[in-house]
Structures are given as C-alpha cells and as structure tokens.
Amino acid sequence: MGSGKKILSVLFVLTGVSATLASCSVADAPPNSPAPVKNVADYYYPLSDVGMQYAYLRTTNIGSDTVRLKMQGNDAMSSAIGNTQCFAADLYKIGAFQSDLFFAVNDSEAYTLGTISCGTLGGYWLDLKTPLTEHLQWTFTTNGSYASITVTATVIHRGLKMKMPSGMTFDDVTEVLYVTNNADTTTKWFARGVGMVYSTSNQSDNYFGSQMKFISEIK
Amino acid sequence: MTIEDRIIAYFDGGLSSAERIELMREIRGSSEAEKIFNEHRLLRHLAERSSSSIHAPDYFADRLDAIVASAPQTNTVSTWSYSRRLVPIILLLLLGAGIGSALLNNGNAGRQATSLRRNVPSVAPKIALEQEQVSSSDLIHPTINYKAIKLTNLANSFVTASDKLQTINQAQDELPIIVRTPVNDILENVTMSRENVHSLAELRSGTDAMPANRFEAGLQTSSGFTYPADAQSIKPFAGQRLSVGYYLTSSDVVGVRLTSGLYQVPGSPVISIESGVTFIQQSLETRRAWGGELYGSHHIAGILGTPLTAVVTVSGGMIPNGYTLAAEAGVRIPTGNNFAFSVDFALARIHSNISRPSAILANADASSAPVTYSGPDVRTTFNGSLHYGIQYIF
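Chains as they are written, first to last, in our numbering: chain S, 1 to 219; chain Y, 1001 to 1394.
Warning: the hint list may mix true and false statements.
From chain S, some residues computed to sit far from chain Y (all C-beta separations above 10 Å) [claimed, not checked]: (1) K70; (2) K129; (3) G167.
Label pairs and their calculated CB-CB ranges [to be verified]: (4) S:N181 with Y:D1365: 32 to 38 Å; (5) S:D171 with Y:V1314: 52 to 58 Å; (6) Y:S1233 with S:Q203: 23 to 29 Å; (7) S:T152 with Y:I1273: 19 to 25 Å; (8) Y:L1258 with S:T152: 30 to 36 Å; (9) Y:S1368 with S:A55: 14 to 20 Å; (10) Y:V1270 with S:P46: 31 to 37 Å; (11) Y:V1270 with S:G123: 45 to 51 Å; (12) Y:Y1227 with S:Q203: 45 to 51 Å; (13) Y:S1367 with S:D205: 26 to 32 Å; (14) S:T66 with Y:V1270: 33 to 39 Å.
Covered by chain S, according to a simulated footprint, are these stretches of chain Y (three or more residues, beta-carbon under 8 Å) [to be verified]: (15) 1264-1276; (16) 1356-1367; (17) 1373-1384.
No wet-lab data here; the hints were simulated from the structure.
Glycine included, each C-beta is placed from N, C-alpha and C at the ideal position.
When you get a sec, could you build the whole thing from the sequences and use the hints?
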C-alpha cells in the first residue's frame, strides 16, 4: 500500500473514531446562566385553565390543613393595573368554601390581588416581574393591616431543581425573596409551567400561612 | 584513454577544466557514457557516506579516502532538500509549542535544521566490503561486482522505520540520474543482521520486520481547550504524560502512560439552608488529577518524502472517578539516532462518574422541607490538546 493510501486510510479511521465519539454525546452542555424570562405567566398559576385545582399543605399559627386553589378564569370585573388581565380563583378547604382570590397577570408582571376584586388594587402583591433574572430587584407598596408597607423583592435563584417532600421534582424553579420595610420576609418558589410550589413566611396571618407546600394538581 | 578512464580521472580530479567540459559534453550525448558516469557517481556517493566505517584492505581505504576527498558534493543537495522542507514545519511547531527549543536544547529553529542536516548522514548505511571479494580493480571497473558488497552494518544503523525510509529516499533521489539496476542489486543483496530485507519494496514498507530497538519512552506536556469549561477554557501546560511503549512491529506500538492533567468536574456539593429549604450548590471546577492510559500507535514513516514519521494513536484510560478516550495524530521529528521531537494533537472525551444533579436530588432528604439544587449538569467534557515533547527509542 502506498504511503498516500495509508495516510488516507488512517485519516478515514480517525474520522470514524471522531464521528463515533461525537455520536455518543461527546460533551455535556455548558452551564450557562438561565435565560431571562420574558413572560412571567410561564411561572405563574394556570389561571385561565378553568376548573384546574392545586392542592397545598398549608401551615398557619393554628396548625396545618390542606387547601385547594381552584381556577375560575377571567374575572368579569377585569380592570386591572396597566395592561393586565384579572383572574379569580377560589381558595377553599374541601367541603368549606373559604374565599375568592384575585390575580392580575400580563407578560411582564404577575400580581396577587387578595380578596379584593380587580377594580380595587390597594393591597396587591407583585409576585413576579420581567426580566426574571438572578439578582433582579423590584419594589412595591401594599396595604398592610394598619399602614402601607414597602416590599423589596429579589430574585435569589433561577433555574433551580427542586424536590418536594412528596417526591415530586421540578426542573426550572425561580426563588424570590420579599422583604418588607418591617423586616418581615416571605420567600416563594415558582416552577415553570406550574406556578407557586412552595412559600415560607414569618407572617402566618395571610392566606398562605407561614408555609405552603404544593401537593398535587387535580383536574 | 577510454571514456571510463576519463570518468575515473574526473572523479579523481585528474582532468583539466577543458577536459571536464569535454567529458560532460560526451556524457550528455551518450546514454552509455551517462550510465557509466552514473555508476561511478553512485559508487562515490556510497563510499563517501560510508567512509567512517569501511572495513577493507589498506590500499582500498586509501583509495576511498582519495575518492571521498575529491567527490563532488552532489549529496548535499538531497540532504538539504530535507532540511529545507523541515524548516517551516519545525518553525511552526516550535512557535506553537513554545517550548520546543528548550526540549531540543537548541536555541533556534535554524540551528535545529542544521542539526537535522548533519544527522542525515549519521543514519545512512555503513558499508563494509568483504576483503576477499573486492579488489581495487573491482572498484574502478564498470562491471564492478556490486553483489559482492555487503552492507553488514546496515541493520545496526537503522533505528526506526523512519531511518530506513530516509535512507531509501536518499537513494531514490539519485534514481533519476543513476541507473536503477545497480541500486536494486545493492539493496537486494543487503545482508542485514536482524531484518533481512531483500528488496527495495520490502525495505520501503519495512513494517512487518521487528525493529532493532523495541521500546520507546516519551515525555510530553500539553496545552489545550476544554468544553464546557469554567471561566478559563484554554488550559496552558494543562497536562504532562510519561509514556513507555513496546514495538509490536517496526510501525505498531502499544504502551502505557502515566498522566497528569486538568479536568473539568463539578465541585463538591455545598449544602446550606435558605428560607427553610435545603439548598445544594455545585460549580464547575478545574482539577488536576493523575491517570493511567493504555495506548496503541501506528507509525507511517517518511511522510511527504521527509524523515518525518506520522503517528496516529488511540488511547483510553482511567482518571479518579472517571475515564478518558482519545484519538491523536502527530509527527515524530528525528533529532538523533534515538531521539525524536514529538508533537501530537489529541481529541479526548473525558467522563466523570460524579453523580448527576438528578441523582443528587433523588438522594437528598426532602421529608421535612423541599430541597433545591443549583449547579452544572456537566459530567462529560470534550478536550482538544497539543502534546509536545521528546521521545527516546531504545
């Protein structure tokens, strides 16, 4: 065999080896930072999915209970902040209706409005805001029990993997820390395609108590 | 005076300028005269290259000394042609490698080229003539009995297949102007103490014969890139490796390597509690680790008509909690009878057996509170590296 043919043969073999290496996933993807979220609705409750229910294990200062959040779709009185749409959801315990909760969402912002309908926005809570990137901060003012309070929200982590006590796992979770001017803290974890899956707070006198764990979704 | 007498006188320096011009004119006009001239030229060429190890009677040695002293310097053309081809390659490799000069103990590529040029004759066959079969009349007669010439030291002078091909390439450089038959006769009757090569073709392939030197040892360092990587994807002087190989044939080598390299692996998980949640964090890190490899190489000597030897290698080995697979291609540049400068470009797949995030999360205790994880899902990286160093064959 001539030298040229030999070299060609060897190059052919090397090409084959390289192709083999490439075909079996030569390398893992680089650990890039998660891309900024442009539509916060992707990380929020499926509010327009009427009838969808989420079950949570709630802990308050009087104990734990299981509550459900049932999506009711668009609120008829929708007239919310900016360009948001207003949605309603029932927060209830099985066999006992508790209260209506209202939410306002568009691509760039997601609010929990509380029990007051969309027409009145005094006590809203700005859960998420674009661009959702690590260390992003925003502030908002909301009505407390006796006075307005200012809340500073900070995106602590993006792209987390999360394992729940039930064993359920989520692959793309955003953690947001909310700190009030009274130094009260609330932390919420939002999973992509699901919504809030966990929250903790040193204030238990709210709708979500001191702890709210996502258990399951019920259709 | 016959034309052959004048040719002999020409090589002996016994012709005047006018006689030399006339002789050249006759040679150009006669194929028979050209044949005789080329035969004598070949003989002078061989004698010149073997002048240091001739074993012949005193009168023969004296005769050779005279021949060598008066021999035209045509041989230097072919040897310089090798060096001229090597210079840009060596310059490129040395510039790229950055440390070539230190490894070779040469200050610059020009000196290295000079060294290589000087080394070419050192690996040429050393001729020993059998006293009882060769006489001075044989030496100067056009029908000289080439078959009586035994290149008994030929095998000993060959270190690698590269050296063999280098010799043949030199001979072939002469073929266009030298009658082929005597060359082939010489080569066909070469008696080699170990390799028993009987033809030019066999000598050229030279791959099935067992070499005189059966082992190689190499020391290389490397620089390269890693993908994915932490902040620094280029890792200068990332690796070192010491290799010992065994020649299965003169062109196939198997061996072992001891390696020290930089690898990309996730660091140890750092566990903390954030807002009542167990938070596990990892980051990609560069770590140095020792490893061991097995490798197999195939050598292709005399590439592009130069003394360079191309080498292709596949290797696989173990690193702490992982493995490597690599394919390499490179060259060996002879720097002496037993030493070579080696350059190899390697593409490697490095795999770490460290648990993936999903496994870390699955094993985490989330019975009382959720567990979150942040870190790279990188356990397999792709490395490209240029290895360069020296090789010793023994």
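The hints, checked one at a time:
Separation of K70 of chain S from chain Y is adequate, the least Cβ-Cβ distance of about 23 Å exceeding the 10 Å criterion. Against chain Y, the non-interface label of K129 of chain S holds: every CB pair exceeds 10 Å, the least being about 19 Å. Listed as a non-interface residue, G167 of chain S fails to keep its Cβ farther than 10 Å from every Cβ of chain Y; the least gap is roughly 8 Å. Between N181 of chain S and D1365 of chain Y the Cβ separation comes to about 36 Å, which falls inside the hinted range of 32 to 38 Å.
One distance hint, 52 to 58 Å for the beta-carbon pair D171 of chain S and V1314 of chain Y, is violated here, with the actual separation near 37 Å. Separated by about 47 Å at the C-beta atoms, S1233 of chain Y and Q203 of chain S break the suggested range of 23 to 29 Å. Separated by about 22 Å at the C-beta atoms, T152 of chain S and I1273 of chain Y satisfy the suggested range of 19 to 25 Å. Between L1258 of chain Y and T152 of chain S the C-beta distance comes to about 56 Å, which lies outside the given range of 30 to 36 Å.
Checking the proposed 14 to 20 Å range against S1368 of chain Y and A55 of chain S shows it holds: the Cβ atoms sit about 19 Å from each other. At roughly 35 Å, the beta carbons of V1270 of chain Y and P46 of chain S sit within the given window of 31 to 37 Å. Take V1270 of chain Y and G123 of chain S: their Cβ atoms lie about 39 Å apart, and the range 45 to 51 Å is violated. For Y1227 of chain Y and Q203 of chain S, the hinted distance range of 45 to 51 Å is satisfied, since their beta carbons lie about 47 Å from each other.
Checked against the hint of 26 to 32 Å, the C-beta distance between S1367 of chain Y and D205 of chain S comes to roughly 27 Å, which is consistent with it. Take T66 of chain S and V1270 of chain Y: their Cβ atoms lie about 34 Å apart, and the range 33 to 39 Å holds. For the segment 1264-1276 of chain Y, the stated coverage by chain S is satisfied: 3 residues place a CB nearer than 8 Å to a CB of that chain, which reaches the threshold of 3. By the rule of at least three residues with a Cβ nearer than 8 Å to a Cβ of chain S, the coverage given for the segment 1356-1367 of chain Y holds, with 7 such residues.
For the segment 1373-1384 of chain Y, the stated coverage by chain S is satisfied: 10 residues place a CB nearer than 8 Å to a CB of that chain, which reaches the threshold of 3.
Of the numbered hints stated above, those contradicted by the structure are hints 3, 5, 6, 8, 11, listed in ascending order.
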